[in-house]
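*Asks:* Take a look at the letters that make up each chain.
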Amino acid sequence: MAQSKRQKPGKGPNLKPFYTALVIVAVAGIVWIVYAYTTGGGAAVVDPIELTGMDDPQALVSAARGVTAGDSDAPVQVLVFSDFTCPACRGFTSLMEQRIKQEYVEPGIIRYVYYDFPLGGQAQHRHSFIAARAARCAEDQGMFWEYHDLLFGRQGDWALSRTPPLDNLVEYAGLIGGLNVETFEQCLRSEQHADVVTANRMLGDQLGVNGTPTVFIGQRSFPQFNNWEAFKEAVRLEMPAGAMPGAADTTAGTGNP
Amino acid sequence: MSTAVRETEHLQEVHVETPPVTRMISAVLALGGVLLSAYMLLYKLGIIPALACGAGGCDAVQSSPYAAFLGIPVPLLGVVGYGAIFGLAIAGVQPRFMNDRRVALALLATCAVAAVFTLYLNYLEAFVILAWCRWCIVSAVIVTALFLLSLAEIPRLRRSAA
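For the protein sequence lines, the chains are B and E, in the order given.
Residue 227 in this note's numbering sits at position 227 of the first sequence, with consecutive numbering throughout.
Residue 84 in this note's numbering sits at position 84 of the second sequence, with consecutive numbering throughout.
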């Protein structure tokens with residue numbers, strides 16, 4: 001309500017506090033927006049980052065890191081380059097990977113190593129990098145494979161989201177008993193593991209991976225990734241003569257190729 | 001002598017109207033709303049990579065079909081709407097427009113439209129999208145405050161009509 005005050009001529013109402021408040025709000029808002037623009041506002045890194053020194057193959061192999069399942073002394077090593085947004089990878093996971101784990105990893109015949117190969121781009125794989133990072137955040141708490149199964153199982157719910165599906169990724173973490181969701185979210189909304197995921201992608205490029213899933217059995221690429229009989233035969237050929245696998249340790253771990 | 005001087009000073013005093021405090025507060029709140037909407041709009045345009053949203057449902061809300069109204073992104077409507085309220089509130093504290101009936105009417109009407117639109121958005125979040133975005137809630141609080149402050153325009157309109 002306008003108030004009348006009797007003042008001396010030349011002295012208008014004191015609007016200094018009002019204009020000060022406006023300036024404070026304006027400056028705070030602009031600083032916040034600039035901060036969000038330059039740093040993502042404490043937001044998640046959703047794209048590969050720049051890594052230096054990766055021209056050196058040794059450095060690249062050191063920087064890249066797969067997630068392993070199985071006995072580290074298993075006679076056969078299987079490397080899988082995969083992308084959580086890739087439908088063929090989802091098919092491979094449900095048709096082949098579960099069976100590989102049951103029939104080969106658990107008995108200690110195969111050491112199974114999962115590598116990120118985020119396809120990226122603007123189309124259906126645009127969230128592959130953040131999904132790979134999310135799985136690494138779950139791995140920090142020893143829940144990589146549980147989270148990996150959830151991501152593939154619910155791929156249709158999040159992969160085509162227009163914006164980075166951070167809410168979905170956090171929600172899935174909450175479905176895993178024993179996983180600290182707050183810690184997971186802090187990891188997700190940062191740049192943690194962006195280096196490893198980027199290095200894994202670069203390693204795949206160096207190994208000639210040009211699609212997902214790409215499976216290596218030993219040193220050889222295995223293109224018939226959905227053919228169980230062909231897989232069995234390829235593993236048999238890779239087995240060292242007289243190899244007698246013992247009981248397997250199926251705990252997840254990490255390793256280099 | 002001193003009594004004469006005091007009387008002279010008294011004669012020189014003039015009426016100076018203090019601008020309505022409600023309009024000043026509205027201007028500050030609306031400026032905050034403009035910046036908040038700009039933040040959301042920059043995210044919508046992909047310039048800011050992600051919203052600082054805690055465990056809120058910003059992504060769900062922003063990627064829903066209701067993130068645009070008649071083809072116009074809702075954050076853009078926010079920038080325009082808050083910008084209009086800010087402009088009107090700033091005009092309303094200037095001596096030239098302080099008692100302007102049109103300013104009072106426009107301020108009341110704009111805040112009322114903003115409140116109705118915010119109610120609609122809150123309904124969508126609660127019953128259709130089933131997700132809440134913390135920034136949308138902040139915006140709803142600002143709009144509610146702006147609407148309540150704009151009710152102070154009613155007695156001004158009555159006085160000016162009398």
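Hint data in this document are derived by calculation from the structure and do not stem from the laboratory.
One or more of the hints may lead you astray.
Said to hold, decoys possible - Which chain B residues face chain E? A few, computed with CB under 10 Å, are given here:
{"no.": "1", "residue": "M54"}
{"no.": "2", "residue": "L166"}
{"no.": "3", "residue": "D167"}
{"no.": "4", "residue": "N168"}
All C-beta atoms in this analysis are idealised placements derived from N, C-alpha and C, irrespective of residue type, glycine included.
*Asks:* Next, verify each hint and record whether it holds.
*Replies:* Do the hints match the structure? See the list:
1. M54: Violated: closest Cβ of chain E sits about 23 Å from B:M54, beyond 10 Å.
2. L166: holds, 5 Å
3. D167: Cβ of B:D167 sits 5 Å from chain E, so the hint holds.
4. N168: holds, 8 Å
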